[in-house]
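Asker: Dock chain Y with the ligand against the given chain V, drawing on the hints supplied.
This is what each chain is made of:
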Amino acid sequence: MTKSIMIVGVGGQGSLLASTLLGKLLVTEGYDVKVSEVHGMSQRGGSVVTYVRYGDKVYSPIIDKGAADCIISFEKLEAARWVQYLKEDGVIITNTQQIDPMPVVTGATEYPAQILTELSEKVTVDALDALSLAEEAGSSRAVNIVLMGRLARQLDIPCEKWEEALRQVVKPKFIDINLKAFSLGYNYAE
Amino acid sequence: MKELLIGNAAVARGLYEAGVSVVSSYPGTPSTEITEMAAKYDEIYCEWAPNEKVAMEVAFGASVRGKRSACAMKHVGLNVAADPLFTLSYTGVNGGLVICVADDPGMHSSQNEQDSRHYAQAAKVPMLEPSDSKEALEFTKLAFELSEEYDTPVFIKMCTRVAHSQSIVETSDRVLPEDKPYVKNPAKYIMTPANATKRHPFVEERTKKLTAYAEQADINREEYADSDFGIITVGTCYQYVKEVFGDSVSVLKLGMINPMPVDRIRKFAEKVGKVYIVEELDGIIETHVKNLGIDCTGKELFSNIGELSQLTVATAFGMDMPEFKSVDTDVPGRPPVMCAGCPHRGMYYTLAKNKITVLGDIGCYTLGAAPPLCALDTTLCMGASVSGLHGFNKAGGKDTEGKTVCVIGDSTFMHSGITGLVNIAYNGSNSTVIILDNSITGMTGHQQNPTTGYNIKGDPAAKIDLETLCKAVGINRVRVVDPYNLAECDVALKEELAAEEPSVIISRRPCILLKNVKTKPSLIVSESKCKSCKMCLKLGCPAISMHEGKAHIDPTLCVGCGVCTQLCKFDAINEGGQC
Ligand SMILES: Cc1ncc(C[n+]2csc(CCOP(=O)(O)OP(=O)(O)O)c2C)c(N)n1
Numbered sequence: 001m002t003k004s005i006m007i008v009g010v011g012g013q014g015s016l017l018a019s020t021l022l023g024k025l026l027v028t029e030g031y032d033v034k035v036s037e038v039h040g041m042s043q044r045g046g047s048v049v050t051y052v053r054y055g056d057k058v059y060s061p062i063i064d065k066g067a068a069d070c071i072i073s074f075e076k077l078e079a080a081r082w083v084q085y086l087k088e089d090g091v092i093i094t095n096t097q098q099i100d101p102m103p104v105v106t107g108a109t110e111y112p113a114q115i116l117t118e119l120s121e122k123v124t125v126d127a128l129d130a131l132s133l134a135e136e137a138g139s140s141r142a143v144n145i146v147l148m149g150r151l152a153r154q155l156d157i158p159c160e161k162w163e164e165a166l167r168q169v170v171k172p173k174f175i176d177i178n179l180k181a182f183s184l185g186y187n188y189a190e
Numbered sequence: 001m002k003e004l005l006i007g008n009a010a011v012a013r014g015l016y017e018a019g020v021s022v023v024s025s026y027p028g029t030p031s032t033e034i035t036e037m038a039a040k041y042d043e044i045y046c047e048w049a050p051n052e053k054v055a056m057e058v059a060f061g062a063s064v065r066g067k068r069s070a071c072a073m074k075h076v077g078l079n080v081a082a083d084p085l086f087t088l089s090y091t092g093v094n095g096g097l098v099i100c101v102a103d104d105p106g107m108h109s110s111q112n113e114q115d116s117r118h119y120a121q122a123a124k125v126p127m128l129e130p131s132d133s134k135e136a137l138e139f140t141k142l143a144f145e146l147s148e149e150y151d152t153p154v155f156i157k158m159c160t161r162v163a164h165s166q167s168i169v170e171t172s173d174r175v176l177p178e179d180k181p182y183v184k185n186p187a188k189y190i191m192t193p194a195n196a197t198k199r200h201p202f203v204e205e206r207t208k209k210l211t212a213y214a215e216q217a218d219i220n221r222e223e224y225a226d227s228d229f230g231i232i233t234v235g236t237c238y239q240y241v242k243e244v245f246g247d248s249v250s251v252l253k254l255g256m257i258n259p260m261p262v263d264r265i266r267k268f269a270e271k272v273g274k275v276y277i278v279e280e281l282d283g284i285i286e287t288h289v290k291n292l293g294i295d296c297t298g299k300e301l302f303s304n305i306g307e308l309s310q311l312t313v314a315t316a317f318g319m320d321m322p323e324f325k326s327v328d329t330d331v332p333g334r335p336p337v338m339c340a341g342c343p344h345r346g347m348y349y350t351l352a353k354n355k356i357t358v359l360g361d362i363g364c365y366t367l368g369a370a371p372p373l374c375a376l377d378t379t380l381c382m383g384a385s386v387s388g389l390h391g392f393n394k395a396g397g398k399d400t401e402g403k404t405v406c407v408i409g410d411s412t413f414m415h416s417g418i419t420g421l422v423n424i425a426y427n428g429s430n431s432t433v434i435i436l437d438n439s440i441t442g443m444t445g446h447q448q449n450p451t452t453g454y455n456i457k458g459d460p461a462a463k464i465d466l467e468t469l470c471k472a473v474g475i476n477r478v479r480v481v482d483p484y485n486l487a488e489c490d491v492a493l494k495e496e497l498a499a500e501e502p503s504v505i506i507s508r509r510p511c512i513l514l515k516n517v518k519t520k521p522s523l524i525v526s527e528s529k530c531k532s533c534k535m536c537l538k539l540g541c542p543a544i545s546m547h548e549g550k551a552h553i554d555p556t557l558c559v560g561c562g563v564c565t566q567l568c569k570f571d572a573i574n575e576g577g578q579c
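Those sequence lines, one after another, are chains V and Y.
Note that the numbering used here has the first sequence beginning at 1, numbered continuously upward.
Note that the numbering used here has the second sequence beginning at 1, numbered continuously upward.
Excised from the complex, chain V in its bound form (with noise of 0.2 Å):
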């Protein structure tokens, strides 16, 4: 069975490095890979999306509708904006950071406030403030590795495998600050 999990968020907020590591660990786990994200024009602070998918055979390297098995959002909104996205049974991480987009910005409309509220109505969601939690473990940049902590709850992979493929895509100098971003993820409790 082909698992797909999308990443989504704020362009500039790290899901590129969240995707290459996931995806450097599922080919490591022996899995067939695809992992599709777009560059270009989205990058400058709009809403971003990133498709990994894995299984014995994958063919298509994107994601519809009703077909992510768990969605990770680096922002409240945007895990409101790809729900659609999500299996019946599926499930949403979700950083509870607030970024305004422009047309919040320029009062042309307003932030929904209880967006998480309703959303956890619908279905199920796993919410913590990675934010707080990337800068309890040493920057404020963590936030992609907490939410990967949190994700390595979902999948069936040992977390020194998580580990092994950390080391291997961050660099020597910030691989302390990583591993305890990982751990306070993986570990949080409400």
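Since the hints were made in silico from the structure, they are not lab data.
Nothing false has been slipped in among the hints.
For the chain Y half of the interface with chain V, some residues (derived, Cβ under 10 Å), not all of them:
1. Lys-2
2. Thr-29
3. Ser-167
4. Val-327
The calculated DSS-like cross-link candidates involving lysine-lysine, where the alpha carbons are at most 25 Å apart (straight line), are:
5. V:Lys-3 with Y:Lys-2
6. Y:Lys-274 with Y:Lys-299
7. Y:Lys-515 with Y:Lys-457
8. Y:Lys-515 with V:Lys-171
Now the stretches of chain Y that chain V is said to cover, found in silico as 3 or more residues with beta-carbon under 8 Å:
9. 235-248
10. 307-315
11. 320-326
12. 362-373
13. 543-551
From the three backbone atoms N, C-alpha and C, an ideal C-beta is built for every residue, glycine too.
Answerer: Same frame as chain V, now just chain Y with the ligand:
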């Protein structure tokens, strides 16, 4: 070795393994990484050319000299390179020549979604279309063999989903082809009418031979199953078809989209009965199949707008949509924006404030079209702002000259803005051209260009001096302003618009994302001084928003550019520690 690579990196690997010597390209999403990755191999000479036409001609020169060469571009880049393309088809090659072109169905980062396969047919140039990274690598190597065997340039056609999807490839070593000396051959390389008349029949004959190749080539593949219909498909659509049907339906996968086989398609149609065509954008395969007198269904079921997916394939064949949940709340859009500290912002604010009509161009600065700046009036294609302004002013005369400008980035100006400026000087329109010089090709992810002083490897290179260049083409009034200084921008704009001759304003400050650009600490809003007038919001800076009725600056985004400080009448925005 097995590696997970994006399609573009796989093409680059293919170039490397095929022993390519010269790669010349102009960046453009989703093709850019082909050349960026190729440049990581020291064995390949790589460069950013000023535009796609130059890039293709460089590849031509290298090929004539006897080396394998390539160029890469996005779909619209092929329009720019169309002139050499059509005659390159006649001259053919000496060393193998491969043209990589990447389409963008769904327009993730493009101004249109033209289908490059039309060019392959129109120019009578063979085109291979991989469906994943593994094929991207293999097809690239094969393309060089075909190029040399059939004496033709060969296209590798990518699309966003193949170019930017990672999948597993098998890499091998670089093999250098035998050196082909350059031998003078005017009948082949000088395309005067007398010579070209003889080359055209060669091209027609070549297409016949390539069709014969397509009849037996492995890259076209039948996968028969026990089904009462069959599907002909290509590229990423093949993956969608397989995702939906697995091995339960007969499929003819075309790896070579031009020329297409004839007998094989006839045979496939006979075997499978009903034929469906699954292809993105235009019905190119469908037209071919119908021209063979074979009944088939294609664009009746699949839109020629945007991308397809496994879901569009499944629902077209009558399967149900899966269940999914949505929220009732309206989710505000999140369009891309100019970064906090973007040097384009100050000039755009000045233009918007003065209610100037602005003919725009393509780059990060196209984002100035969005609210709240709404600073642009047109965007057509690269370079069109300068030439368009000349036309606008020739038509409008005194009516428009004093209140219309064009804006164009440094890379875009070198690409195709300079010819427009020559026209303004030569044919004398009283036009004001603004070059937004952020010292880099920003939109496509920071490529060097002739104005930056560095080459693709980051080594120092000759640097075009824009001021001298503009003066040399005949513009007398050339001035440089700092877009972080609003007063300076305002004065320059008013004076140049008032002047009775053409002028160029160079709005110069490097892109804030460049590694060597020093940022300043975040600015802070003094809540007691802030009168909630929202003047600072007019800049459309993503770092500034309203929180509990007062302006607020996000310290993780603000780079201290100070443009908002100049707008605040109440002195409420200051450097940290001052309030
Ligand atoms: C013919 C063509 N080639 C390439 C592109 C892709 N592209 C869009 S904008 C751009 C360059 C932008 O650089 P610059 O003019 O310096 O502006 P900046 O993004 O730095 O503001 C490129 C290469 C295109 N749209 N059309």
